[in-house]
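As you go down the protein sequences, you meet chains A and B in turn. Here the first sequence is numbered in my numbering, starting from 4 and rising by one per residue. Here the second sequence is numbered in my numbering, starting from 405 and rising by one per residue.
Keep in mind the hints are simulated off the structure, nothing from the lab. Bear in mind the structure is a predicted one, so any value in this text is a computation, not a measurement. Some hints here could point you the wrong way.
Using 25 angstroms as the maximum straight-line C-alpha spacing, the simulated SDA-like pairs for lysine to any residue come out as follows [to be verified]:
| id | chain 1 | residue 1 | chain 2 | residue 2 |
| --- | --- | --- | --- | --- |
| 1 | A | 79 | B | 412 |
| 2 | A | 82 | B | 490 |
| 3 | A | 82 | B | 426 |
| 4 | A | 79 | B | 426 |
| 5 | A | 82 | B | 498 |
| 6 | A | 79 | B | 443 |
| 7 | A | 79 | A | 36 |
| 8 | A | 82 | B | 443 |
| 9 | A | 82 | A | 6 |
| 10 | A | 79 | A | 23 |
| 11 | A | 79 | B | 407 |
| 12 | A | 79 | A | 54 |
Computed footprint of chain A on chain B; a stretch qualifies when at least three of its residues, placed anywhere within it, have a C-beta under 8 angstroms from a C-beta of chain A [stated by the list, open to error]:
| id | segment |
| --- | --- |
| 13 | 420-431 |
| 14 | 434-443 |
| 15 | 447-455 |
| 16 | 476-483 |
| 17 | 491-504 |
C-beta: ideal position from N, C-alpha, C; glycine also.
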Amino acid sequence: MFAVTAFAVLIALGIALGRAFLGPTVFDRILAVNSVGTKTVLLIAILGFLTERPEFLDIAIVYALINFIGVVAVLKFVKYGDLAAASRGEDGL
Amino acid sequence: MIELALDILSWFFLLTGSAFVLIGAFGMWRLPDFYSRLHPAGLTDTMGAGLVLLGLLLQADNFTVGVKLAIIAVFLLVTSPTTGHATARAALASGLRIWQASGKPHGANAERKDDDT
């Protein structure tokens with residue numbers, strides 16, 4: 004049963020990667036990469052149960068944290084071209 | 405007896421969660437523009453991840469594993485709406501137009517955005 008779920012998540016990962024390659028806008032790519040990150044967390048958690056090694060869950064927590072920080076950093080970089088820029092006015096992130 | 409019931413419940417949650425993850429991925433592939441693709445992305449992050457983690461939680465054999473799974477679930481539920489909101493807001497602030505079936509085609513706008521970045 005874990006193998007079926009892992010396979011479904013792998014197929015979904017492939018489709019999301021295809022969307023990340025095709026675009027067409029940069030925001031489509033960011034959204035797809037964010038989705039790939041979420042599915043990676045799920046896949047690592049399922050693999051931990053599949054191989055009877057629950058330590059994998061720690062790695063899944065770290066992936067969830069890095070995914071969030073990474074997406075927000077990339078969004079800020081795309082918008083301002085500079086990670087250290089102060090947000091300007093009403094339309095800041 | 406109770407273990408069999410828990411197993412069946414956990415399989416149900418795992419299979420439904422996989423179905424939601426797959427539907428979200430297909431929606432992200434098929435829908436016409438960025439703003440409509442936000443919706444299946446949210447579907448994957450909430451229903452898909454939530455149900456899969458709930459199914460795994462029913463299979464957890466000790467307390468620590470369950471707590472870690474709950475931490476992952478809570479963290480995904482907090483961060484995925486935040487990133488979705490930030491992405492949509494950044495796209496709106498950068499002037500990405502909303503797709504309309506009868507109006508201006510998405511293609512011209514999309515090419516302009518690709519040149520920018």
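Comparing the hints with the structure gives:
For a cut-off of 25 angstroms, the pair hint linking residue 79 of chain A to residue 412 of chain B is broken: about 45 angstroms separates their Cα positions. The straight-line distance between the Cα atoms of residue 82 of chain A and residue 490 of chain B is roughly 11 angstroms, inside the 25 angstroms bound, and the hint therefore holds. About 31 angstroms separates the Cα atoms of residue 82 of chain A and residue 426 of chain B, which puts this hinted pair outside 25 angstroms; it is violated. For the hint linking residue 79 of chain A to residue 426 of chain B, the alpha-carbon distance of about 29 angstroms lies beyond 25 angstroms, and the restraint is violated.
Between residue 82 of chain A and residue 498 of chain B the CA atoms are separated by roughly 8 angstroms; this keeps the pair inside 25 angstroms, and the hint holds. Restraint check: the Cα-Cα separation between residue 79 of chain A and residue 443 of chain B comes to about 22 angstroms, which is no more than 25 angstroms; the hinted pair holds. Proposed proximity of residue 79 of chain A and residue 36 of chain A is supported: the alpha carbons are some 15 angstroms apart, at most 25 angstroms. Between residue 82 of chain A and residue 443 of chain B, the direct Cα distance comes to roughly 22 angstroms. Compliance with the 25 angstroms bound is thereby established for this hinted pair.
Annotation: proposed proximity of residue 82 of chain A to residue 6 of chain A is violated, straight-line Cα distance about 40 angstroms (limit 25 angstroms). For the suggested pair residue 79 of chain A and residue 23 of chain A, the alpha carbons sit about 18 angstroms apart, so the restraint of at most 25 angstroms is met. Of the supplied pair hints, the one linking residue 79 of chain A and residue 407 of chain B is violated, its CA atoms being roughly 48 angstroms apart against a limit of 25 angstroms. Between residue 79 of chain A and residue 54 of chain A the alpha-carbon distance is near 38 angstroms, which puts this suggested pair outside the 25 angstroms criterion.
Check on the segment 420-431 of chain B: 8 of its residues sit with their Cβ under 8 angstroms from a Cβ of chain A, so the three-residue criterion for coverage holds. With a threshold of 8 angstroms between beta carbons, the proposed coverage of the segment 434-443 of chain B by chain A holds, since 3 of its residues qualify and at least three are required. Counting residues of the segment 447-455 of chain B whose C-beta lies closer than 8 angstroms to any C-beta of chain A gives 4; at least three are required, and the coverage claim holds. For the segment 476-483 of chain B, the stated coverage by chain A is satisfied: 4 residues place a CB nearer than 8 angstroms to a CB of that chain, which reaches the threshold of 3.
Against chain A, the segment 491-504 of chain B contributes 7 residues with a C-beta closer than 8 angstroms to a partner C-beta. That satisfies the three-residue criterion, and the hint holds.
Going through the hint list in order, the structure does not satisfy hints 1, 3, 4, 9, 11, 12.
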